[in-house]
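> Can you build the whole structure from these sequences, using the hints too?
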Amino acid sequence: MITIVVELVVIPVVTAVAVFNIRNDRLAYVASTASAVTTLAYLISTYLFKRLPIVENYIEVAIGGHLEYSFSLGIDGLNVLVLITVLTLLPSIYLYSYEYMKHRVEELGKTLLNLFYGLMLLNTSGIIGVVVSYNVVTFIVFYELVVLTSWALIYFYGYGNRVSVSFTYLAWSLIGSLFIIVGLSSIYVYAGTFQFNVLDTAVLPPWIYYILLIGFGIKMGLFGMHFWLPPAHAEAPTPFSAVLSPLIIGIGGYGVLRFIGPVVNYYELSVIILVLGLASIIYGGLGALLEVDIKRILAYSSISHMGYLALTLSMQDPVFNVMAFSYHYLAHAYAKAILFLSSGILIYSLNIRNIRLVSGILHKYRLCGLGFIVGFLSLAGLPPFAGFISKLLIILTVLKTAPEMPTEFYVLSIAALISMMFTIAYGIRVIKNVVFGSLKPEDIVSIELPLSMRFSLIIIIVMLVITWLIPHILLELLIGVIPI
Amino acid sequence: MRELLAVEFVLPVLIALLLLTMRDSLLLGVISLITSLTSLTASLILLFEVIHVGPVNVELVSEWLRLPYIKPIDISFTLDPLSGLVSSLVCGLTALILTYSISYMRMDGKYSDTRRYWILMLVFMASMLVVINSDNFILMFVGWEGMSLCSYLLIGYYYGDEREYWIGGPPNKAPLYRPSYSSFITFLIVGCADALMLLGILMLVTLVGSPYYEDLAIMLAGRGIPEWLVILSLLLFLIGPMSKSAQFPLHVWLPYAMAGPTPVSALLHSATMVKAGVYIILRLLPHLTAITQTYSNVLIIFYILILSGVISMIGGAVNAGRGVELKRILAYSTISQIGLMFVILGVAGFMEMPLIAGTATMYHLISHALSKSALFLVAGVLIHVTGTLYIDEMRVYLKDFRHLFVIALISSLSLIGVPPLIGFWSKEFLIEVIVGNGYYTLFLAIIIGNFLTAFYMTRMLIITFSTSSNVLHEHHAVSRLMYYPPLLLALTSLIIGVIGFDVKGYLIRLVTVIEEIHMVHDNSILIGSTITAIFSGVLLAVLVYEQRLLHISPILAEITSRPRFREMVSTRRLWEVSTEMVVKLKSVRQFLLLQAPRSKKAFLIIKNSLRRQQVIVRGAGKGFIEVISTGVNYLLDLVRAFLSAKAFFKRHQISIKVVGVRVGEAVFTGVNYLFSLVFGSIGRFFLKHLTLLLNAVGSADMDTFLTTYVITLAILLIYILAITIG
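Top line first, the protein sequences correspond to chains H and C. Quick note: the first sequence, position 93, residue 93 per the numbering used here, numbers continuous. Heads up: take any position in the second sequence, counting from 1, add 1000, and you land on the numbering used here.
These aren't lab readings, by the way, just hints derived from the structure by calculation. Possibly wrong hints are sitting among the right ones.
What follows is a set of in silico ranges between Cβ atoms, one per label pair, in the way DEER data are often shown [unchecked claim]:
no.: 1; chain 1: H; residue 1: V465; chain 2: C; residue 2: T1467; range: 51 to 57 Å
no.: 2; chain 1: H; residue 1: I458; chain 2: C; residue 2: L1307; range: 45 to 51 Å
no.: 3; chain 1: C; residue 1: H1287; chain 2: H; residue 2: Y58; range: 46 to 52 Å
no.: 4; chain 1: C; residue 1: W1228; chain 2: H; residue 2: P205; range: 39 to 45 Å
no.: 5; chain 1: H; residue 1: P441; chain 2: C; residue 2: R1480; range: 32 to 38 Å
no.: 6; chain 1: C; residue 1: G1209; chain 2: H; residue 2: P318; range: 15 to 21 Å
no.: 7; chain 1: H; residue 1: I44; chain 2: C; residue 2: W1228; range: 47 to 53 Å
no.: 8; chain 1: C; residue 1: L1037; chain 2: H; residue 2: E448; range: 37 to 43 Å
no.: 9; chain 1: C; residue 1: A1290; chain 2: H; residue 2: W207; range: 50 to 56 Å
Glycine included, every Cβ here is placed at the ideal spot set by N, Cα and C.
Printed below as a string of structure tokens:
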């Protein structure tokens, strides 16, 4: 029996237990960063991509010779790129977080950071667990772990009205979880097992998919179910925003891909996902154009890009669908992370979030300005950044699938593609206001940026360029193993 | 060949990465210069090889991207005489302009860290070469977006927005624009257009099943694809070239692009990047005409090219004739000249041998690149020497700057099309193509364009270089190194012009592989009419600005300073109506609320959110009202123009009766009247009123952006719906 995937989940949990007991900030920081890097290194060193898909079963419970329950983990074509994104992005966020959170903890009047790092590690473990789980129960358990730790991180370290915001988040997420639990439990009723591998073949009544869609829609923050998202993203501690925004809400989309994707050839379901996606794209774009708080702009931009994920999910081409989803998840995660980390530098050094009050950041913090430019241009889909490939794949997916559908479906999806102009508009608006221009406020005392922050930004920029340069390596990983 | 290609494109990018580690401006400049010279050598060797061997396909990386249903996308290039010529031109111009930049960038005191300038210039050259040589749409688009990116960042080079880098004005009369704002406008237009272009490209690619140019027509023919889909994808594709080449509806960004450093304007925004749109249509011309044989209605795109080209040609020339900023005049002149190229490309669609028109376009492309970049380089020196952007304030003494004057004169004459300079031959070739195919209306338009070109270039020279020595300001010293690149460019256009009777035939043989053509046997009438147009243009400018015989400005002032329609008819009422509509949408707005109101802050949140939705709806309303009101405005404008001209006549007739002066004055008055009509009405009509919608994007109000977005969306969706349902 191979034991590769389970290590990815176990390493952060073990480190978290250790970190909760360490009474030293720096040690906690080093331990968690090391843990994140180890997890990544573990994935790379086992070189498991060569023999995808892999499934591991533990604690098997068999009743009457029939596999009833097991703690199953697995990697296949649907989750491999999501997993790679999570594992490659997290080390740089951990690297960045120390100086920022030390600053934040001083503001809050607390003393120790080990709670933060313990929660972050549990959260990381939860995200990885959700992505690699191959069993409904495992999936739900890890999802709840993510929700609870996210709530705790916002509650303890957030900004503004953090108590109210965190409970709003918790309430919405638990409602979403409720829908998900109801939907997934019904799978057991109809299919007789919790394992994922039956999902392709099981014949389920359609209402289950609608319930699942509501649940995952709330987790993704699609239009109409997004009310918790802007405040939660804006008020979370910034390194955690960089996890929350691209990674955690993105796995809602992964849930749709995993559970609804195989059967999305219900036309009505496709149309509903498409309409929700289109509404999110336009609503998020408008919000990002009109907001002045930099973190809220990024939050609305996340809503808009979740709309693009929904757009890819509503398309019924089984291969392009997965490719476009996975690559957009990756490109959006990197770009959004670098944007949040750059806005974190604004908060860290100037304590300003309003983009009207700050301009000409390029005079003092070169790397921060570069981060904004690279992030927004990658979101807008310009080469040489990963966003270009994802934009290409999204448009190709739509153009390949939609013409065979009824006219209104085609028209709606073309409208979604034209709305890509929004991303360009709000991106360069922020660049013009914040990055360029004369220095404002004029009496900025330039703080030397810590080396760890700079490194993490540079690493993400390099990753954005590399993922543009070698799309075939990542995509061929998918083409071989998409399970359809 | 692979090695040479790698040297040509990949080396500049690698060197650009290397430049990140250096600080010294001189060292950076010299290394970039050497890199561009290396690329030039490589491209020249490739050109000669291609001329001897014939077109070659070279593959650098195979299967860069492998996608289902579509042929694998390689990083591969087609080398033929056309691409070879244009890439040599680009490399050569880059080398010359980088030489110039070495001293130009050292004069810039405020921005001591010049690394990004050199890096972006080298990356720009590489991306332009990718666009020129690539053999498939996807790779071409990568280079295309690379150019947009470099242009965006180079326009915003003076990101600090210091006062001396603002453009526009003159102050108190016209608005001023900061570099950050200018780059923003540029990218808003070009970036959105590029997004639509990508949509068009990928539509074509999915229809055809292959990203390669060569498969386009062949694979399209056999598939039974509905015609409207082909037309839609080609129209979307066309948005890209039209925005990049600053053609009529999407030309708004080019004058803003002048906020960058002058060498950037010389290289990107006059000589090379803005020609990419022309080049890409030229490249696809055989394939496009092949498509028209299966789908005859595809010819509509050639009509669009002609229409947009004519409007840009006349409109750009009129605006150049009214410009007060040196660089802005040159920018409008670029729009006008590229419009001429678009006209020829449009005509090519209706010809039996489209590549002959293509050759004519390329000839004009080369001649315009040579003269316009030389003029920009001269402008850079003049702006530095005098410290002002406006030609009125420059008035440098001719004898102090006779070298510069000679360079500017040669380049201007070449641009006007005076024999024996290169511009004359290229324009003559264009006119030969037009008349040879019987497009006499277009011929008339081009003659008017030539007349206007002659007028505005002469006007610019007369105002900028003064024959009297009353110096208005202190002159700053300038390095001698900055004189040689423009001199070399001017000499090239002179030499090709003098020895180049056969250049046309050589180019035709090179590009179209046709031995002999006879289109128009006796073209003395054509040359005669061109020269007459040029002569009268020059004469008029000399009369107006040198001899000061005619006074256009009073009439212009009278017409342009009329009260705005907005004050004459109260649009406020319309405004109120739209606001009332907003209030009625309250329930909708509450649905759109961002956050469930829970705390006592709820009221505040609702209020803010109300404001936000109001801004959106109001913005849309504002955009539409603007469009309608300016339509009415234009009609009133025409009436006013007639009335004022009538009044003017009356005044002069009285004076003629009383004094009994010469008939000549009456003639002059007539010309004057015609001019006021041309300048005051046609110019305003084309460039202000019709383009208001796109100027709305230019005004950078977010709500007007939204209006444009909604309109684009609506037009496309209505198109699709109408075709598919009806």
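> All the hints need checking, so say for each whether the structure fits it.
Hints, verified against the model:
no.: 1; hint: V465(H) to T1467(C): 51 to 57 Å; verdict: holds (56 Å)
no.: 2; hint: I458(H) to L1307(C): 45 to 51 Å; verdict: holds (49 Å)
no.: 3; hint: H1287(C) to Y58(H): 46 to 52 Å; verdict: violated (59 Å)
no.: 4; hint: W1228(C) to P205(H): 39 to 45 Å; verdict: holds (40 Å)
no.: 5; hint: P441(H) to R1480(C): 32 to 38 Å; verdict: violated (44 Å)
no.: 6; hint: G1209(C) to P318(H): 15 to 21 Å; verdict: holds (19 Å)
no.: 7; hint: I44(H) to W1228(C): 47 to 53 Å; verdict: holds (50 Å)
no.: 8; hint: L1037(C) to E448(H): 37 to 43 Å; verdict: holds (40 Å)
no.: 9; hint: A1290(C) to W207(H): 50 to 56 Å; verdict: holds (53 Å)
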